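Peer 1: The lines below spell out each chain.
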Amino acid sequence: MKMKKAITMLAFLVVSILLLAACGGEDAGGTGSGNTKSIKFMHLWPEGSSAQHYKVVNEIIADFEAENDGITIDLEVLSNEQYKDKIKVLSTSNELPDVGMTWAAGYMEPYVNGNMFASVDDIIESDLSDSFVPGTAEAFSIDETAYGLPLELNISTIFYNKAIFDEYSLEEPQTMDELYEIIDTLNKNGVNPIALGNRDAWTGSMWYMYLADRFAGEEDILTQAINREGSFEDPALVQAAEEIQSLVDSDAFVQGFNGLADEEAKSMFMGEQAAMYLIATWDLPNFTTNEDVPQEFRDSVGYFKFPTVAGSGDPNSYVGGPGVGLFVSENSDVKEDAKEFASYFVQQWGERAVTEVGIIPATKVDADSLELPEMYVDVLNDLNEATNITLYADVQMSASAAQVHLDMIQALFGGEITAEEFAKTHEDTLSAED
Amino acid sequence: MNKVMSNKWIIFLYTFPALLLIAVLIVIPLILSGYFGLMDWDGIGTMEFIGLDNYITALQDSKFWDSTLHSFLLALFSACSLIGYLAVALILASKIKGASLLRKIYLIPMLLSSVAIAQLWIKVYNPSNGMLNSILVGLGIENPPAWLADPSIVLYAIFVPIIWQYAGFYILIYYAALKNIPESLIEAAKIDGATPLQIALEIKVPLIMNVFKVTIVLSIVGSLKYFDLIYVMTGGGPNGASEVMASYMYKLAFSSYNFGYGSAIGFLLLIITLIVTVIIRKITANKDEIQY
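Protein sequence lines correspond, in order, to chains A and B.
Residue numbers for the first sequence follow the working numbering, so the first one is -17 and each next one is one higher.
Residue numbers for the second sequence follow the working numbering, so the first one is 349 and each next one is one higher.
Source of the hints: derived by calculation from the structure; they are not laboratory data.
Computed from a predicted model, the values in this text were never measured in an experiment.
Even glycine gets a Cβ: it sits at the ideal position worked out from N, Cα and C.
Hints should not be assumed to be uniformly reliable.
[Unchecked claim] Here are some chain A residues pointing at chain B (derived, C-beta under 8 angstroms):
| no. | residue |
| --- | --- |
| 1 | Glu154 |
| 2 | Thr400 |
| 3 | Ala401 |
[Claimed, not checked] Cut-off 30 angstroms, straight-line C-alpha distance, at most; resulting in silico cross-link-like pairs (DSS-like, lysine-lysine):
| no. | chain 1 | residue 1 | chain 2 | residue 2 |
| --- | --- | --- | --- | --- |
| 4 | A | Lys248 | B | Lys471 |
| 5 | B | Lys538 | B | Lys561 |
| 6 | A | Lys19 | A | Lys68 |
| 7 | A | Lys68 | A | Lys317 |
| 8 | B | Lys471 | A | Lys66 |
| 9 | B | Lys561 | A | Lys66 |
| 10 | B | Lys411 | A | Lys68 |
| 11 | B | Lys527 | B | Lys443 |
| 12 | B | Lys443 | B | Lys538 |
| 13 | A | Lys170 | B | Lys471 |
| 14 | B | Lys443 | A | Lys70 |
| 15 | A | Lys287 | A | Lys70 |
| 16 | B | Lys573 | B | Lys411 |
| 17 | A | Lys287 | A | Lys144 |
| 18 | A | Lys287 | A | Lys346 |
| 19 | B | Lys527 | B | Lys538 |
| 20 | A | Lys66 | B | Lys443 |
| 21 | A | Lys70 | B | Lys411 |
| 22 | A | Lys406 | B | Lys538 |
| 23 | A | Lys144 | B | Lys471 |
| 24 | A | Lys68 | B | Lys573 |
Only chain B is shown next, with the shape it has when bound in the complex:
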């Protein structure tokens, strides 16, 4: 086996297809979008080189900064919600009754497509016929808010289904990590008289810290480039109140036919995401490796 694996040709043959795919589908489009960002181009006619104008415009564009703020708010909310997911996973992993059923229920949103989830929540949020407002009216609240129409609420109203959508995914990851902890450690702690809360916070959580760090990166990066539910539920409206970076990029490139500017925004999105990833990796850098 080692002989095969040390053959340079074999190494090349194994890695080349994946490398080719990544180059064609990811690296080249990335470079191209940075390049298109230097152009004044409607996506159809002739391109005109305008240097960094698009990038300068973007940095002065209040709508771009608003959408960036919204993306970061989403990232913050997603990151905070990880604690909730972890709590649920801790409970599920502690051999309560019906844990396996609950685990499957939590996973359901992940199995639905984003568009289906969006349609579902549009119905829930419908101001006059929606489930949510019907309940609120039933509870005696006279003028329940129009969730997706009120610029001060709409963003948070969309955060709820996004957080709901990914709950199953993170709970599953944490659950698997928790199940990986050797039973002997827990037994030892029990013999030493640790309470279940102590076991959870001081033994289990530190042991899966590596996994937790990875999920922080996943959730923040995923939030910064988030697009689908927002596009389907509000299209970024009303008047940009729920616009995020990715939906703003799409709107510019495909609705406003401003492909050059849209590409520039896309490239800025990439840079922002990269910077944030580096920062998070720095903050959460591993100091000591845990081994069971």
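With the rest of the complex left out, here is chain A:
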């Protein structure tokens, strides 16, 4: 009997201890104790998937710590989607890291409205004035106040397989008519013309945005429609939607694109199963320096600017935008140091991102002074000549409008709705938000 009772008590004790252990343990790792301050920094480039990013970040942190006595950087790294989830949870409990990463415009709006991000205008004025590519810092601004320091800049271009183009004596198209001819030739020869993974509907959105830009001509009618200066039922935007459906009807995209993820589309392009692929410059390493990709394929990749349509549109106008940027938490205990670190990071990153990581930074780069693969030089030069960069529509819009946009893109590509319905749904959604 005694034995039984002892076991009972023991079992209870074990359970209680386990419970207590689970409840506690959150208090460790506070900021700042004694003379050393610690800045909590979260980023989304884990060693596994972004080895180069990870390495350069760590080197910048080490340099910063060496230059600033008594400050340590407390690092936490998560992969993209987990990062998004965690940031959201942390923000509800008011425990954002002192410095972290955010996306532009629509994504950061709830955080800014909730007073989570500090203004970084002072950093830009003192350390970084005139060092960002025009338009990038603005994308991280809400009501003319900047809340993020952009780290990346991406523009989208159509990458193509030169070997396939040579085989059928095709040339880079300048106009949509020429693109249609290429699509026709490739289809006749049983080659998939364009890889598209529209399950990730932002890739289809890029096609739509480009056509909208080309039909609109000089003005950025799409952006105006999104920020409510214009209407989504503008003829240019409806025409662009019609053009998408005519592309689909001419079998421009790989079979079943609405069920494919972008990664699958990419692997079709990189497996030489499709001749063209519209994607942003974040994939440049795959086409130039990434040793895991066969040399033969990398040598055969070229790119061209999105064609003009019916004599309208400027080929130097791009769809793109800054990727992630740094924010500083409004409620940070070490806000000034955090700002200093963010500023230091952006400057160092700008110098090292192209050469060591292979991404285009949002800070200006002098392409001629660096040793870079040819494609990088071309892209950087194109960027210098860019007349306009239209920020990705799903980033510009609020999160819920973006969801409608992405659903509508899938429906448009899938032929479930007409161009007019596409425009009207957007117009209704956007005007209801106002």
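Using the hints, position chain B against chain A.
Peer 2: Chain B only, in chain A's frame:
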């Protein structure tokens, strides 16, 4: 022993940890999600009380009803597939050759994680390189469907791996129940001249009816709140064609930053599931207890 068990303190000590866990992890979040459903909240900023607006919007939201319909279709398919599982279990339990090997093979999908299963079936369904379409093309079918891209097919295309995924689980339950039937009953039936089919349908199945009823509840409730394969394979697309209640809730709360509305949908999901469970329990209520 009885002395220990009748001590109120001991009873409390035994049940309290589990009760605490259930309260903290299940009951409180449930109440909270009902409460958040009354708010206009993006999940980050300040909450604003808007009464039942979210619930009213949900009831008028055609996407919500579409996803509800899809969830119920899944429930219907899962419930029907139970008959198939039962048939397989009956065959396995009748001492055929290789039964134990087959049983293990059927169990394999259950050992895989949902994400792995999803990745596997994404490859199977790939429109140009997938196993399924390669076979169809090989059989001379010219334009095999793009399974996950066609809005009229995609939902059923996902049902297949879901049903496949749970086959092992239900077969195992039925198998165990069948093995529990005393051999003497079967022997007696055989002596009376019953055919194997008669033994199966008129002796074995009625004897495991209780288990069958439980699995009906399990499969229907599980289907109504199903999420994982759909989230990984299509994300509810294209344009909501494969959206179910749980994936719609997730999309609203975490992609659209409409936490209040998402919570309301989640709470409605709970209510719908509760109602359905009560109805099934009523229909399948025990009339007479079977004892061996």
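Peer 1: Report the numbers of all earlier hints that the structure fails to satisfy, in ascending order.
Peer 2: Hint check: 1, 2, 3, 9, 14, 15, 20 and 22 fail, others pass.
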